[in-house]
Every structure is written in structure tokens, then in C-alpha cells.
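Trainee: Residue numbers (the numbering used here), protein chains in the order written: chain A, 15 to 355; chain B, 15 to 355.
Heads up, a few of these hints could be off.
Where chains are identical, the list cannot tell them apart; a pair therefore holds if satisfied intra-copy or between any two copies.
[What the hints assert, rightly or not] Taking lysine to any residue and the SDA-like style, the derived pairs with C-alpha atoms no more than 25 angstroms apart in a straight line are:
(1) Lys277 to Asp63
(2) Lys277 to Arg114
(3) Lys174 to Glu119
(4) Lys277 to Asp101
(5) Lys108 to Arg179
(6) Lys174 to Gln143
(7) Lys108 to Thr160
(8) Lys266 to Val246
(9) Lys174 to Leu111
(10) Lys108 to Ala270
(11) Lys266 to Glu103
(12) Lys47 to Val97
(13) Lys264 to Met226
(14) Lys108 to Glu301
(15) Lys264 to Leu237
(16) Lys16 to Lys174
(17) Lys266 to Ala83
(18) Lys277 to Asn194
(19) Lys84 to Asp31
(20) Lys16 to Met349
(21) Lys264 to Arg87
(22) Lys174 to Val118
(23) Lys21 to Ala333
(24) Lys21 to Glu210
(25) Lys108 to Arg199
(26) Lys108 to Glu273
(27) Lys277 to Ala191
(28) Lys174 to Tyr190
(29) Lys264 to Ser274
None of these hints come from the bench; they were simulated from the model. Since we're looking at a predicted model, the values are computed, not measured.
There are 2 protein chains.
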Amino acid sequence: MKMDDRKFMILQAIIDDYIMTAVPVGSRTISRKSGVGFSPATIRNEMSDLEELGYLAQPHTSAGRIPSAKAYRLYVDRLMKMVDLSDEETGRIKDHLNRRTAQVEEVIRQAAQALSDVTHYTAVVSAPQMTDVTIRRVQMVPVTDTSALLVIVTNAGLVKERVIRVPDGVDADQLYALSNMLTERLNGRSLQDAREQLADVTTDLGEHRQLMASVLGVIDAQLGDDPNVPLVVGGRSNLLSFPEYSDVEKAKSFLAVLESREKLAPLLRNNGVEFTVRIGPENGLPEFSDCSVVTTTYRVGNHTSGTMGIIGPTRMEYARVVSVMNYMGRAISDMLSGDKE
Amino acid sequence: MKMDDRKFMILQAIIDDYIMTAVPVGSRTISRKSGVGFSPATIRNEMSDLEELGYLAQPHTSAGRIPSAKAYRLYVDRLMKMVDLSDEETGRIKDHLNRRTAQVEEVIRQAAQALSDVTHYTAVVSAPQMTDVTIRRVQMVPVTDTSALLVIVTNAGLVKERVIRVPDGVDADQLYALSNMLTERLNGRSLQDAREQLADVTTDLGEHRQLMASVLGVIDAQLGDDPNVPLVVGGRSNLLSFPEYSDVEKAKSFLAVLESREKLAPLLRNNGVEFTVRIGPENGLPEFSDCSVVTTTYRVGNHTSGTMGIIGPTRMEYARVVSVMNYMGRAISDMLSGDKE
DNA sequence: GGTTAGCACTCGTTCGGTGAGAGTGCTAAC
DNA sequence: GTTAGCACTCTCACCGAACGAGTGCTAACC
Numbered sequence: 015m016k017m018d019d020r021k022f023m024i025l026q027a028i029i030d031d032y033i034m035t036a037v038p039v040g041s042r043t044i045s046r047k048s049g050v051g052f053s054p055a056t057i058r059n060e061m062s063d064l065e066e067l068g069y070l071a072q073p074h075t076s077a078g079r080i081p082s083a084k085a086y087r088l089y090v091d092r093l094m095k096m097v098d099l100s101d102e103e104t105g106r107i108k109d110h111l112n113r114r115t116a117q118v119e120e121v122i123r124q125a126a127q128a129l130s131d132v133t134h135y136t137a138v139v140s141a142p143q144m145t146d147v148t149i150r151r152v153q154m155v156p157v158t159d160t161s162a163l164l165v166i167v168t169n170a171g172l173v174k175e176r177v178i179r180v181p182d183g184v185d186a187d188q189l190y191a192l193s194n195m196l197t198e199r200l201n202g203r204s205l206q207d208a209r210e211q212l213a214d215v216t217t218d219l220g221e222h223r224q225l226m227a228s229v230l231g232v233i234d235a236q237l238g239d240d241p242n243v244p245l246v247v248g249g250r251s252n253l254l255s256f257p258e259y260s261d262v263e264k265a266k267s268f269l270a271v272l273e274s275r276e277k278l279a280p281l282l283r284n285n286g287v288e289f290t291v292r293i294g295p296e297n298g299l300p301e302f303s304d305c306s307v308v309t310t311t312y313r314v315g316n317h318t319s320g321t322m323g324i325i326g327p328t329r330m331e332y333a334r335v336v337s338v339m340n341y342m343g344r345a346i347s348d349m350l351s352g353d354k355e
Numbered sequence: 015m016k017m018d019d020r021k022f023m024i025l026q027a028i029i030d031d032y033i034m035t036a037v038p039v040g041s042r043t044i045s046r047k048s049g050v051g052f053s054p055a056t057i058r059n060e061m062s063d064l065e066e067l068g069y070l071a072q073p074h075t076s077a078g079r080i081p082s083a084k085a086y087r088l089y090v091d092r093l094m095k096m097v098d099l100s101d102e103e104t105g106r107i108k109d110h111l112n113r114r115t116a117q118v119e120e121v122i123r124q125a126a127q128a129l130s131d132v133t134h135y136t137a138v139v140s141a142p143q144m145t146d147v148t149i150r151r152v153q154m155v156p157v158t159d160t161s162a163l164l165v166i167v168t169n170a171g172l173v174k175e176r177v178i179r180v181p182d183g184v185d186a187d188q189l190y191a192l193s194n195m196l197t198e199r200l201n202g203r204s205l206q207d208a209r210e211q212l213a214d215v216t217t218d219l220g221e222h223r224q225l226m227a228s229v230l231g232v233i234d235a236q237l238g239d240d241p242n243v244p245l246v247v248g249g250r251s252n253l254l255s256f257p258e259y260s261d262v263e264k265a266k267s268f269l270a271v272l273e274s275r276e277k278l279a280p281l282l283r284n285n286g287v288e289f290t291v292r293i294g295p296e297n298g299l300p301e302f303s304d305c306s307v308v309t310t311t312y313r314v315g316n317h318t319s320g321t322m323g324i325i326g327p328t329r330m331e332y333a334r335v336v337s338v339m340n341y342m343g344r345a346i347s348d349m350l351s352g353d354k355e
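Build out the structure end to end from the sequences listed, making use of the hints.
Mentor: Okay, here's the thing in C-alpha cells:
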């Protein structure tokens with residue numbers, strides 16, 4: 015048996031209906047739709063075929079049918095049409111973003127808020143990764159006798175600050191001199207380069223070896239696909255409005271995942287691809303076996319830098335979500351890259 | 015009618031039982047408890063009195079009784095006994111905190127995690143406020159042509175960084191010179207003092223007025239009981255384990271509050287008092303009318319600086335929570351104040 | 001007079017049964 | 001190939017009965 019146009023059409027109709035209602039859809043419902051010129055009986059035959067092909071499933075004998083993960087896959091790959099965002103939607107997004115802020119963290123937070131607000135799903139946004147950027151300046155600001163704030167400024171205008179330990183007896187002037195030395199040597203270099211360069215420098219500077227090791231540690235943390243990239247989550251409670259989460263147990267395990275950076279991070283991985291859509295079991299976590307995750311990347315300067323994702327039920331409005339993400343990806347890239355070098 | 019010792023004792027027994035089970039407690043249950051030498055009938059008479067006094071309520075005629083908010087109030091004020099934490103509990107807390115980190119944000123996050131983990135309730139911790147501290151150093155690090163990172167270091171070892179706009183044409187050397195000038199003038203001053211001092215300076219420096227205004231803005235934001243103090247929440251999903259949240263609607267509105275900084279912040283206000291316990295309606299939010307919130311403060315250096323709170327059902331284990339908070343408040347104060355200055 | 005056993009009463013919960021409704025699969029006719 | 005008709009299945013909502021937990025009252029007891 016093979017898929018033909020009519021089967022595609024019926025499948026699409028079923029998915030569209032199920033996405034909106036979350037109720038198993040029966041042959042009569044489809045037959046009644048405008049544009050479908052067939053009786054329920056005919057539809058039933060086709061549905062039976064579609065079930066055999068693995069696109070539909072029946073919760074129980076006398077219920078309608080629901081799309082399988084395979085059906086959503088097909089839908090996303092072939093049937094889905096991009097939609098235009100309404101003015102109201104783009105307006106809502108802009109409302110969230112329009113506050114002038116130079117703080118990266120704040121932009122990320124606003125993005126998560128906007129995404130969850132517009133889609134009514136849950137949004138996760140990762141802070142920009144420092145990959146593919148070059149260093150522009152390194153500066154240490156003394157904090158206490160034994161600690162300093164290490165600030166690394168990159169060409170993309172990103173800033174990374176971290177408090178590091180400083181050995182006793184290194185005073186402010188020395189830190190400033192060291193900062194200048196570091197800036198001079200590392201300016202224009204990528205993090206990888208900087209890492210190697212710094213390893214060399216370290217052997218030169220016997221007395222400041224310990225300090226340089228701290229700096230190196232911070233750079234390393236950035237390089238190694240930093241497991242601590244801040245993740246901002248928005249709209250945690252949104253999914254609870256959907257009938258699939260009327261079961262508190264499910265809701266709880268869903269929320270528990272959102273609290274765990276370790277579990278959440280892999281969901282956002284997308285290898286720099288423009289869009290990823292992971293449907294149900296595809297995303298690995300058993301807790302998310304009836305969730306789908308749509309991710310996209312954003313750029314800072316010319317390089318892909320961070321990821322954002324929408325988490326919703328498998329029957330999510332993929333078309334709309336993809337459109338929203340597309341819009342948002344560009345908006346954030348613009349905000350973070352805007353008038354910086 | 016007046017409260018007597020026996021009534022207190024019975025009330026305490028009822029509350030203790032209800033806290034553990036969440037099930038309306040009947041006369042027989044109390045009578046069976048060791049230490050209570052009365053028959054169910056006697057207990058019933060007393061319970062009837064306690065109901066008349068407003069300490070107990072009956073969900074329906076043939077159910078047991080549940081404590082009212084007034085009863086919990088009495089319990090917290092008079093009946094509750096501090097408990098000692100078990101080794102296992104202090105161990106769990108230490109596990110969360112023992113990683114050496116100099117990053118304030120990270121300490122706060124760990125604290126929230128530890129609190130929620132040990133109590134099984136939801137925890138909120140506010141980042142340290144910069145009140146009552148003096149400035150030790152001010153430094154601007156250039157980021158792009160039009161922005162710089164403003165770093166303010168205080169005597170308590172707290173660091174505040176924020177990206178500010180810089181007028182075109184101010185180069186790195188000038189920023190450094192200005193930083194030194196600012197440090198010199200503001201060193202040792204409180205934020206209030208600094209604010210005034212800076213207002214004076216601004217009029218002197220015509221050409222850098224705009225820049226100084228930005229600096230002033232950052233200080234102002236700290237002074238005005240900053241509405242943007244980061245709040246870290248831990249154990250969001252914990253409360254969903256309790257039967258009072260088996261209703262998804264309730265769970266949802268609860269979680270929605272946790273997502274709103276504006277609603278959450280007032281719950282943490284406690285005017286520097288050592289402990290606050292707000293029971294049910296006392297905390298103002300209708301969404302939290304069957305939650306209780308226990309807060310305490312922590313110090314950085316010698317000054318109260320931040321707040322942490324535990325949110326749980328009204329029938330929370332107040333005694334244990336207060337003990338945990340007490341322990342944690344000191345632990346965090348130590349971590350944040352430790353060997354600085 | 002406080003305490004308690006006994007008992008009738010109330011009310012929520014559980015469980016089996018029933019009927020309505022939705023939807024299917026099959027068959028036979030178009 | 002399409003469709004009307006029909007028997008069949010399964011869920012869900014509803015109903016009433018049995019059950020049990022707990023109360024309030026009364027009368028007896030120490």
C-alpha cells in the first residue's frame with residue numbers, strides 16, 4: 015500500500031484537527047470539513063490504511079484516531095506550510111523586546127518571556143556561547159585581597175565576567191599591568207588560540223603561574239561547550255493548560271526536567287542547523303516522550319552563538335512555532351549584534 | 015470559654031497529625047495517640063469547643079477537623095518547638111554548598127537548591143542587596159565603541175557589573191582615568207553618599223556628564239530597593255507532590271506566581287526581622303491563600319543583605335523549616351562574608 | 001461534675017450497573 | 001471506487017446502594 019494525494023490530504027486534515035482539539039478525530043469530523051468530498055465511510059477506509067501505514071493510532075476501538083509521531087514527522091517535513099505572523103503577534107514580541115538594554119542576560123530573559131507568551135508553550139533560551147569569537151580585551155578588577163573579577167571582552171561585544179582567586183600579595187597595580195599584558199597578547203585571538211598562547215605565557219611567568227591558571231580555567235570553561243551556560247526558561251506553567259498535562263504526575267515530571275540544567279541542555283543542542291524539530295521520543299528523555307522540541311539558533315556578530323527552543327505537546331502548532339522562532343531568531347541576532355563592530 | 019492546657023495539647027496533636035497526613039483528623043485518632051489519656055468522646059467535646067474558638071474547621075459534617083489559619087498562627091507563636099537537624103539533613107545541605115565558588119550568583123543558586131531539596135518545599139532566595147555597603151572601587155572596562163562594563167566593588171566583596179552606554183569618542187585610556195578618579199572620590203563611601211558626591215562631580219565634568227549620568231543610574235538602581243534583584247527559585251515542582259496541589263488549576267496558578275518577579279518579591283520582604291512566618295491569607299496573594307511563607311535574612315559582612323524564603327502548604331512542617339532556614343541563613347552568611355576584607 | 005460508652009445520624013466515597021453517544025468495521029448495494 | 005446501513009465495541013456520565021468514618025447527644029459511671 016502506498017500514500018497517495020488523498021491520503022496525504024486526509025492525514026493533514028486529521029493532524030490539523032487534532033492539534034486544535036486534542037481529541038481523537040473520527041471519520042465524520044473529517045468528512046464534514048469543507049473541501050473534503052467524501053463520506054465518512056470512505057474516510058474510514060483511508061484511515062484504516064493510514065493506521066496500517068503507521069501514521070495513525072487508536073486509543074481504543076471505538077474512539078477516533080490520533081496522529082503518531084511518524085505522522086507529525088511527515089507533517090513537519092512535507093505537509094506543513096509556513097504561516098505569516100499576525101500584526102498582533104509581532105507586536106507582542108516587540109513589546110517584550112523593545113526596552114533598550116545593553117545587558118545580554120536581560121535580552122535572553124526577554125526572549126524567553128516573549129516566546130512563551132506568544133506561543134503559549136514553554137521556551138528555553140541559552141545565553142550566547144563564546145565560540146567563534148575573538149578576544150578584544152582582558153581585564154582583572156581587584157575585589158578582595160584574594161579575589162578579582164576577570165572580564166573578557168570579545169569582538170562581538172559579548173562580555174564574560176567571573177570572579178577568580180588571586181594569590182596573596184598581588185596588588186591592584188600588578189593586576190592592571192598583567193591585564194594589559196594579557197590584552198596585548200590575546201587581542202584578536204580566538205579562544206582556542208588564546209588558550210595555547212596562555213599556556214606558553216604561563217611557563218614564562220613563574221610567579222604568576224597560579225593566577226594565569228585561573229584565567230586559563232575560565233577560558234577552558236568557555237571552550238568546552240560550557241556545561242554551565244545559563245539557560246533561561248519562560249512560561250513554565252503554560253503547558254499545564256493543555257489537557258495532556260491534566261495529570262499532575264506528568265506535570266511534575268515535566269517541570270522537574272525544566273529544573274535540571276543537565277537534562278535540559280541536550281534538548282537545545284542543534285549543531286548550528288537552522289531549525290531542529292524533535293518529535294516525541296526523538297528527543298531522548300522519557301519524560302518528554304509526548305513533547306516536541308523546536309530549536310533554532312541566533313547569532314552574535316557573524317557567528318552562530320546561542321540556541322532557543324520551544325517545548326510543547328507533540329500536537330503543537332508546528333507551523334506557527336517555526337514562524338515565531340524564525341522571527342525571533344532574527345530579532346535577537348539583531349539586538350545582540352546591533353551596532354557592534 | 016477559654017483555652018486551657020488540655021485544649022492546647024489536643025490542638026497541638028491535631029496540627030501535628032494534620033501536617034503529616036493532610037487528612038481531616040478525627041477524635042479517635044487523637045485519643046489513640048500515646049500520651050493522651052482520654053476517650054474519643056472527651057476529645058470530641060474539646061474539639062467542638064476548639065471549633066467554636068475558631069481554631070478548627072470541619073470540611074463537612076461527618077469528616078474530622080482541620081486546623082484553621084488561626085490555629086497555625088498559635089502553633090507557630092506558642093506551641094512549636096525548634097528541632098535539631100539530623101546529620102543527614104545538615105549533610106545534604108553541605109553537599110549542595112561545599113563546592114568552592116567565588117561567584118555570588120552561584121552561591122545563591124546553590125542555596126535555593128539546597129533549601130528546596132532538604133525541605134521538599136519551594137525555595138526562593140534573593141541576591142544580596144547592596145544596602146549598607148561602602149564602595150571600594152569603580153572601574154569601567156570598554157566593551158564596544160559605545161558601551162562599557164561598569165564594575166562596582168564593595169567592601170563586603172560584592173561585585174555589581176552592568177553594561178552602560180558610553181558616548182562616542184571616549185577611549186580606553188580616558189575610561190581608565192575616569193575610573194581612577196571615580197574610585198578615588200567614592201572609595202569608602204556608602205551608596206547614598208556616592209550618589210550625592212557623584213551628582214556634584216557631574217556638574218564639574220561637562221564633557222562627561224552623559225557618562226556620569228549612566229553611572230549614577232546604576233547606583234540609583236541599587237539604592238531604590240532594586241526591583242530587579244535577581245530571585246532564584248528552587249524546587250518549583252516540589253509542591254506538586256502534595257495532595258493540596260493535585261488540582262492542576264491550583265498548581266498552575268501557583269507556578270504562575272513563581273514566574274512573576276513582581277508578585278514574588280513582596281513575599282520575601284521581611285524588614286530585616288530574623289524570621290517571618292506568613293500563614294495562608296496573611297501573605298496577601300489570593301493564589302497563595304493556602305500557602306505559608308517562611309523567610310529569613312542572610313548577611314554579607316556585618317549587614318543584613320538578602321532574604322530567603324520557603325513556600326509550602328499551610329500545613330507545612332514549620333518547626334523543621336525554621337530550623338533549616340536558621341542553619342542555612344548562617345551558612346550563606348558565612349560563605350558570602352568569609353575571609354573578605 | 002467531669003468522663004465515657006452507646007447509639008442514631010450524616011455525609012462523602014466507592015462500586016457495580018445501566019444507558020447514551022461516538023466511532024468503528026463489515027457487508028451489500030449503487 | 002464509493003457509500004448507506006447496521007451490528008458491535010468501548011468510554012463516559014449518571015444512579016443508587018453499601019460502606020465507613022466521624023459526629024453529637026444522651027445517659028450512665030466514678
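Trainee: All hints, please: hold or fail.
Mentor: Each hint tested on the structure:
Taking identical chains as interchangeable, the C-alpha atoms of Lys277 and Asp63 are never at most 25 angstroms apart, the minima being 38 angstroms within one chain and 53 angstroms between chains. Only between protomers do Lys277 and Arg114 lie at most 25 angstroms apart by alpha-carbon distance; the minimum there is 23 angstroms, versus 33 angstroms within a single protomer. Taking the shortest Cα distances, Lys174 and Glu119 sit within 25 angstroms of each other both inside one copy (11 angstroms) and across copies (14 angstroms). For a Cα distance limit of 25 angstroms, the shortest separation of Lys277 from Asp101 qualifies neither inside one copy, at 35 angstroms, nor across copies, at 30 angstroms.
For a Cα distance limit of 25 angstroms, the shortest separation of Lys108 from Arg179 across copies, 22 angstroms, qualifies, whereas the shortest one inside one copy, 41 angstroms, does not. When the C-alpha separation of Lys174 and Gln143 is checked against a cutoff of 25 angstroms, the pair qualifies both within a copy, at 10 angstroms, and between copies, at 22 angstroms. Proximity of Lys108 and Thr160 under a CA criterion of 25 angstroms is satisfied inter-copy only: 23 angstroms between copies versus 44 angstroms inside one chain copy. Both within a single protomer and between protomers do Lys266 and Val246 lie at most 25 angstroms apart by alpha-carbon distance, with minima of 19 angstroms and 19 angstroms respectively.
Proximity of Lys174 and Leu111 under a CA criterion of 25 angstroms is satisfied in both settings, with 22 angstroms inside one chain copy and 24 angstroms between copies. When the C-alpha separation of Lys108 and Ala270 is checked against a cutoff of 25 angstroms, the pair qualifies only between copies, where the shortest distance is 22 angstroms, while the shortest distance within a copy is 31 angstroms. In this homomeric assembly, Lys266 and Glu103 come within 25 angstroms of each other (Cα to Cα) only across copies, at 24 angstroms, whereas the closest approach inside a single copy is 30 angstroms. Proximity of Lys47 and Val97 under a CA criterion of 25 angstroms is satisfied intra-copy only: 21 angstroms inside one chain copy versus 66 angstroms between copies.
When the C-alpha separation of Lys264 and Met226 is checked against a cutoff of 25 angstroms, the pair qualifies neither within a copy, at 48 angstroms, nor between copies, at 52 angstroms. In this homomeric assembly, Lys108 and Glu301 never come within 25 angstroms of each other (Cα to Cα): the closest approach is 33 angstroms inside a single copy and 29 angstroms across copies. Taking the closest pair of Cα atoms, Lys264 and Leu237 never come within 25 angstroms of each other, the shortest separation being 36 angstroms inside a single copy and 43 angstroms across copies. Taking the shortest alpha-carbon separations for Lys16 and Lys174, neither the intra-copy value of 55 angstroms nor the inter-copy value of 64 angstroms comes in at or below 25 angstroms.
Proximity of Lys266 to Ala83 under the C-alpha cut-off of 25 angstroms is restricted to the intra-copy arrangement: shortest distance 23 angstroms within a copy versus 27 angstroms between copies. In this homomeric assembly, Lys277 and Asn194 never come within 25 angstroms of each other (Cα to Cα): the closest approach is 40 angstroms inside a single copy and 45 angstroms across copies. For the homomeric pair Lys84 and Asp31, the shortest alpha-carbon distance inside one copy (17 angstroms) is at most 25 angstroms, but the shortest distance between copies (51 angstroms) is not. With identical chains, the CA atoms of Lys16 and Met349 are never at most 25 angstroms apart, being 48 angstroms at best within one copy and 67 angstroms at best between copies.
For the identical chains of this complex, Lys264 and Arg87 are intra-copy neighbours only, at 23 angstroms inside a copy versus 34 angstroms across copies, given an alpha-carbon limit of 25 angstroms. In this assembly of identical chains, Lys174 and Val118 lie within 25 angstroms of each other by CA distance both inside one copy and across copies; the values are 10 angstroms within and 15 angstroms between. Taking identical chains as interchangeable, the C-alpha atoms of Lys21 and Ala333 lie at most 25 angstroms apart only when both belong to the same chain, with a minimum of 20 angstroms there against 64 angstroms between chains. In this assembly of identical chains, the alpha carbons of Lys21 and Glu210 never lie at most 25 angstroms apart, being 59 angstroms within a copy and 75 angstroms across copies at closest.
Taking identical chains as interchangeable, the C-alpha atoms of Lys108 and Arg199 are never at most 25 angstroms apart, the minima being 41 angstroms within one chain and 41 angstroms between chains. Proximity of Lys108 and Glu273 under a CA criterion of 25 angstroms is satisfied inter-copy only: 20 angstroms between copies versus 28 angstroms inside one chain copy. Taking the shortest Cα distances, Lys277 and Ala191 never come within 25 angstroms of each other, neither inside one copy (42 angstroms) nor across copies (46 angstroms). In the homo-oligomer, the alpha carbons of Lys174 and Tyr190 lie at most 25 angstroms apart both inside one protomer (18 angstroms) and across protomers (19 angstroms), since each shortest distance falls under that limit.
Taking the shortest Cα distances, Lys264 and Ser274 sit within 25 angstroms of each other both inside one copy (16 angstroms) and across copies (23 angstroms).
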